[in-house]
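Visitor: Chain by chain, the residues:
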Amino acid sequence: MTPMPLLEMISYPFMQRALISGVLLGVLLAYLGIFVTLRKMAFFGDGIAHSSLAGIAVAVLAGWAPLPVALALALSIALLIFWLERSTRLPTDTLIGIFFTASMALGVLLMSFSSGYQPELVSFLFGSILAIQNTDLIITALVGGAIVAWLGLSFRSLTYMSLAEDNAAVAGVNIRLHTAALYAALALATVLGVKILGVVLVSALLILPAATSRLLTRSFRSYTIGSLILAEVMIIGGLLFSFRYDLPSGATIVLIGTTLFFLAAIARRLAR
Amino acid sequence: MTKKRFRLSPIAVFTLLAAIILAAIILLQKPSDRGSQAPAPNKPRIAATIFPLYDIARNIAGDNAEVVLVVPPGASPHTFEPLPSNIRELRGAVAIYAVGHGLDDWTEKLTAATGVERVLVDDSVNLSDLRENSEDEDGQAAGPGHDGLDPHYWLTMANGARIAHTIAEDLKRRLPNAAAAIDQRQMRYFEELAAADREMRRLLSGTTNRNIVTLHDAWYYFARAYDLRVAGTFEPTAGREPTPQYLKELTDGIRSTGVKVLYSEPQLASQSIASFLADNGLTLAILDPSGGVPGRDSYINMMIYNARTISQNQ
Amino acid sequence: MRAPSAKTNNTSRGIPAISIRDCVVAYGDNIVIDGISLDINQGSIAAVIGPNGSGKTTLIKAIIDLVPMKSGDIRILGKHLHSVRQMIGYVPQRFDFDRYFPMTVGEFLDLARRIHCQKHFPASRVEHKLREVGLPKETLYKHLGELSGGQLQRVLIAQALINDPSILFLDEPSAGIDIMGEAAFFEILKHLKTEHDTTIIMVSHDITMISHIVDTVVCVNHKLLCFGSPAEALTKNKIEELFGAHQHPYNHPGHGADHDRKPAK
Chain A
1 MTPMPLLEMI SYPFMQRALI SGVLLGVLLA YLGIFVTLRK MAFFGDGIAH SSLAGIAVAV
61 LAGWAPLPVA LALALSIALL IFWLERSTRL PTDTLIGIFF TASMALGVLL MSFSSGYQPE
121 LVSFLFGSIL AIQNTDLIIT ALVGGAIVAW LGLSFRSLTY MSLAEDNAAV AGVNIRLHTA
181 ALYAALALAT VLGVKILGVV LVSALLILPA ATSRLLTRSF RSYTIGSLIL AEVMIIGGLL
241 FSFRYDLPSG ATIVLIGTTL FFLAAIARRL AR
Chain B
1001 MTKKRFRLSP IAVFTLLAAI ILAAIILLQK PSDRGSQAPA PNKPRIAATI FPLYDIARNI
1061 AGDNAEVVLV VPPGASPHTF EPLPSNIREL RGAVAIYAVG HGLDDWTEKL TAATGVERVL
1121 VDDSVNLSDL RENSEDEDGQ AAGPGHDGLD PHYWLTMANG ARIAHTIAED LKRRLPNAAA
1181 AIDQRQMRYF EELAAADREM RRLLSGTTNR NIVTLHDAWY YFARAYDLRV AGTFEPTAGR
1241 EPTPQYLKEL TDGIRSTGVK VLYSEPQLAS QSIASFLADN GLTLAILDPS GGVPGRDSYI
1301 NMMIYNARTI SQNQ
Chain C
2001 MRAPSAKTNN TSRGIPAISI RDCVVAYGDN IVIDGISLDI NQGSIAAVIG PNGSGKTTLI
2061 KAIIDLVPMK SGDIRILGKH LHSVRQMIGY VPQRFDFDRY FPMTVGEFLD LARRIHCQKH
2121 FPASRVEHKL REVGLPKETL YKHLGELSGG QLQRVLIAQA LINDPSILFL DEPSAGIDIM
2181 GEAAFFEILK HLKTEHDTTI IMVSHDITMI SHIVDTVVCV NHKLLCFGSP AEALTKNKIE
2241 ELFGAHQHPY NHPGHGADHD RKPAK
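Chains as they are written, first to last, in my numbering: chain A, 1 to 272; chain B, 1001 to 1314; chain C, 2001 to 2265.
These aren't lab readings, by the way, just hints derived from the structure by calculation.
Idealized CB from N, CA, C, for every residue including glycine.
Accuracy of the hints is not assured; some may be wrong.
As the list claims (entries may be wrong) - Only some residues are given here: those of chain A computed to face chain B with a beta carbon under 8 Å: (1) 173; (2) 216; (3) 243.
Said to hold, decoys possible - A short list of chain C residues far from chain A (calculated; beta carbon distances all over 10 Å): (4) 2015; (5) 2102; (6) 2107; (7) 2184.
Stated by the list, open to error - So the derived list for chain B, only partly shown, Cβ under 10 Å to chain A, looks like this: (8) 1010; (9) 1011; (10) 1012; (11) 1016; (12) 1018; (13) 1022; (14) 1025; (15) 1058; (16) 1068; (17) 1083; (18) 1085; (19) 1091; (20) 1094; (21) 1108; (22) 1111; (23) 1229.
Generate the whole structure from the sequences, applying the supplied hints.
Guide: Here is the structure:
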C-alpha cells in the first residue's frame, strides 16, 4: 500500500480551500509576527485570539456566519485597547488581561446557553481543515489582501517606528495612526487564522516563524524572507499532515513549527 | 595567519536537517488504514452513520454492496465531527444512510464535500415529539437545526424492520439486478428481527418495576415498545449537565417510583453522576444504543443485551 | 526672565534656528515648562542644562513635537516643524532596541534614509555618513549586535545625520560620550560645525563637558533661568542656584576659554 499521493490530496475541494487560506494566512502571520516579536506583543496576539470566542459564540447561537462577527468584535476590542493604552496609565498587559479574558468568558457563557451538543466548538478551539467554507475563503482573501497591501506600503515606516519610535516621529511618521492600524491588522489576521489554527494556538504562528528565522539569519532582508518561507512550510506541511492522519490542524501546524524551531537552534550550534 | 575553515551557514545546516527528517517521515509511512482505495467497480460502496444502521444495511446488502461505518463504535453521533479520512472514504460512495432529526446532521457536511447522497431511514417510522416523550413542559428545547422530534427510533424491533425495508427499497433501486437477492435477505432478516423481539419480551416479562431512569433521552421509543416507562433522565437536555433544582425533582421522582438503577451509556461520560448515585443509593448499569462492540456486535445482539440488562437490574 | 531675541535681518542667516515664545508644557496639573521664550542662532552649539526633572528634555521634545505644548509658539528656521522636518536630526538619550535583532548597520541606516529623506538621496549617502562619524565602510555589513558600544553610538549619530540636518538635537549625550570618548565626540561636533554649519542643541547635566565646546548655555528649571555664553551664564552663583554644588568649569584643568561666544543682546 502506498501513501496517498499529494495530487490526490489536493484534489479535494475542502483541501484546496484550506491550502489557499493557509498560504494567505502564512503571509499575514509571518509579516505581522515580525512586529509582534519586535514590539513584544505576543500577549496581545494570544489575547485577541481568545477574545474571538465571544464573537464566534454569538454567531453560532444566532445562526450567523461566525467569521464576520468575530472579525468585527476583535477589531473593536483591539481599537479599544489602543485607545485605553493612550488615555489611561494602566499598563497594556493589564488591559489585555482584562478585556480578552472577559471576552472569552462571555463566549464560554454564551456557549453554555445553547441547547444540545456543540461539536463545532471543539473545531474552533483547535482548528479544522474541514472548517473553511467558500464564504470564509472570500472574506479571508478580501480582508487578508487588504492587510497585505497595507503592510506592503507601510512596512518601512512600521519597522522604523518599531525600532526607534522617537526618530520615526521626528521624521514625520504618524505614530498613532500606524500603531492603531497595526493593532487592527493584528486582530483581523489572528481571527482569520482561527478556523484553521484554532483559538488556542493561532498566536503561536505569530511567534514561531519569526523566532525560527531569527536563529538562522543576520540581515533584515533574509530575516523577513525566512519568516515568510518558514510560515508557509509550517502551515502547508501541517495541513497536509493533518489531512493524512486525521489530526487537528492547529496542533499539527504548531508542532511542526516547534520542531523546525528546535532544528534551527541545533543548526545554529552546529554551524559555529 | 588565517586558517581557512569550512563553515556552513546555519540555513544550510537547517535545511539539511529538515530534509533528513522529511525523508524519514515519507519513507517510514504507515499504510493508510482507513480505506483510501476507490470502491470496487461492481460493488458499490454505501455508508451508514451509526452501527445499528450499518449492521442492518450489511444484512440487507450482503455481497451486493460494500458497507462502511462512519461513526466508530464507542463514539457518540451527537458530538461526531467528520474527519478528512471519512471524506476520503466516502468519495465514490453512492449513498449514506442516516437517522436525521438532529442526530447526524453533520452528514450534510459530508454530502457537500463528497457528493454522496444522504438517505434518511425514517420512512414509515412513527416519529414522536420529544416534548411528549418526556412528559413535562420543560422538555428538550429544539436547538438550531433540530426539529423537536426524537431521533432514537431505531431502538425498537418494529422500527428496525422498517429501517431494513427502507434500505432494501433504496438498494433495489440502485441495484436492480440484485433485487431478488435483496428481497430474499430482507425476508430472512425480518424473521430474525421478529424472533429477537419475542426474546426481548420474554426477558422483560419477569420485571416488576417498569420504571427506568436513564442518563440521556435515547430510550423513549424503546420504553413504549416494551412496556417500560422512563421515569426521568439525568441530563435535562442532551449534552447539558443538570441544575441542582432539576436534580431535586429527579430525586423525588426516583423515590416515588422506587427505582434502584441509573442506566448510563458507553458513549457518554459524566463525572457528576458518581456523587448522585452515592447520594441516592443507586447502582449504575450500562445500556447501549449503538452497539458495535463485543457482546453487542450486531443490531439484534445489542437490543437483546439491552433487554437483558434491564431485566437483570430492575 | 526673557531671553533676548535675535536681530531681525534681511538675510536668512539672521533667522534664528529655534525661536520659542511662551512655551508651556503640562501633564495634567503638573507644569513642566512654565512659559519659556528664547532664540537660538543658526550655527551655534547650545547646551540646555538643568537639574533632574527641570524639564530640559521636555523642552527639546516640545521643539520637535514629541510632546504636545499646552500653549506657546515654536518656530524652526522661521517655520513650523511640519514643513522643516527634513532639516532636523535627533539623537535620543537611550536607544531601546533588541541588539540581537537581525539587521545590519547598512540596513538600519538605509531604513533611516528612506524614512527621513524627502528627496531621494542615493544609497551611497549611507557610506558617506559612516565616514563622517569616523566608521569604516566595512561596518555596513556588520550586524547591529556585533558593534561595540562606541561603534553603536557613532552609528546612532550617523542615523541622525542621514538627511544632512541643519539642526541636530542630542538628548543627554554624556552616556554615549563616556563610551565613545570625549575626543571622538568633539571631533564629530567640530566637523559638523565647520563643514556644514549645523546648529547643535544638546541637553546635558554635565557642565564640565559642555562648557568648552558650546557657545550658548540655556539654564532651565521649569522656567528659563539664564541664557548666554558659558562665562556669563555659568557664574558661580548661577551654578549654586541650579545645582547647589561647588563646580566652576574654569577650575577644571586643560580647558581654555577659546571659543567664539556670541554676545547676548
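Visitor: Which hints, by number, does the structure contradict?
Guide: 1, 5, 6, 15, 16, 20, 21, 22, 23
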